[in-house]
Amino acid sequence: MNSYLSKAEKANMTRLMLLVELMGRVVEDYEKVGNADAEFMRSLRTCKTWGYKAIKRRYDFLEEDAAKDFTRHLSHMDIIFIPNDKAAKYYERVKTMSSSLCLTGEDFEKLYSGFIPKTCGKCHKKAWKKCLIREVFRKYGVETVNNNAKNCPYSYLEAGINLEAWAKAWAEENGLKYDKENMWESDGEVHEDVEEQETQNAG
-18 MNSYLSKAEK ANMTRLMLLV ELMGRVVEDY EKVGNADAEF MRSLRTCKTW
32 GYKAIKRRYD FLEEDAAKDF TRHLSHMDII FIPNDKAAKY YERVKTMSSS
82 LCLTGEDFEK LYSGFIPKTC GKCHKKAWKK CLIREVFRKY GVETVNNNAK
132 NCPYSYLEAG INLEAWAKAW AEENGLKYDK ENMWESDGEV HEDVEEQETQ
182 NAG
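Using the numbering used here, the first residue of the sequence shown is number -18, and each one after it goes up by one.
A few of these clues could be false.
Taking CB as the label site, the calculated pair distances span [unchecked claim]:
{"no.": "1", "residue 1": "Asn(-7)", "residue 2": "Lys131", "range": "18 to 26 Å"}
{"no.": "2", "residue 1": "Val14", "residue 2": "Gly141", "range": "54 to 62 Å"}
{"no.": "3", "residue 1": "Glu116", "residue 2": "Gly15", "range": "44 to 52 Å"}
{"no.": "4", "residue 1": "Ser56", "residue 2": "Glu90", "range": "21 to 29 Å"}
{"no.": "5", "residue 1": "Lys111", "residue 2": "Pro64", "range": "39 to 47 Å"}
{"no.": "6", "residue 1": "Ala140", "residue 2": "Glu116", "range": "14 to 22 Å"}
{"no.": "7", "residue 1": "Ser56", "residue 2": "Tyr159", "range": "40 to 48 Å"}
{"no.": "8", "residue 1": "Thr(-5)", "residue 2": "Asn155", "range": "33 to 41 Å"}
{"no.": "9", "residue 1": "Leu84", "residue 2": "Ile36", "range": "48 to 56 Å"}
I should point out that these hints are in silico values taken from the structure, not numbers from a laboratory.
Don't be surprised by glycine CBs; every beta carbon is placed ideally from N, CA and C.
With the hints as extra help, turn the sequences into a complete structure.
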């Protein structure tokens, strides 16, 4: 199995670990009751035990920093059930916090595509463990480029990806002029969402 978790696997592992944790709480609650059926309790404990074994087995394949990062992210999560309107209020509260910067996935992709070609896209530094970009990516759980990397998992070169060659091929396939210095460009406007930009482009 890969030594780093992909975005999809992070989601699945998060669900699994939260469910196993919840199962542990369920077992504890039934143990307090004292009159639960023995076979029922045995099945509950077996479910929890095998869930933990599966998680431990997956962790055995992970690089040490990948395991630490994922565990750290998990420590901030729990299973809760709230109405959608209440969830929206929590989101609005976070947006107003002065110490927080709410960035949409689309906007993050714009930042990413703007600086990656000149950083991670051509990086082969030996001191990659001290890289500030890698530190931020780890902190926010950014999906790795190379899930089975031996060095930096965000290095495109190590993953065998030549961004410049890829951009040139993409431009040719789409009938566009290739510009080495401006592989990804803004149209000069600030867009609140994708629909707004598509509407303006269509007009």
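Do the hints match the structure? See the list:
no., hint, in the structure
1, Asn(-7) <-> Lys131: 18 to 26 Å, "holds, 24 Å"
2, Val14 <-> Gly141: 54 to 62 Å, "holds, 57 Å"
3, Glu116 <-> Gly15: 44 to 52 Å, "holds, 50 Å"
4, Ser56 <-> Glu90: 21 to 29 Å, "holds, 27 Å"
5, Lys111 <-> Pro64: 39 to 47 Å, "holds, 45 Å"
6, Ala140 <-> Glu116: 14 to 22 Å, "holds, 19 Å"
7, Ser56 <-> Tyr159: 40 to 48 Å, "holds, 45 Å"
8, Thr(-5) <-> Asn155: 33 to 41 Å, "holds, 36 Å"
9, Leu84 <-> Ile36: 48 to 56 Å, "violated, 30 Å"
Of the numbered hints stated above, the single one contradicted by the structure is hint 9.
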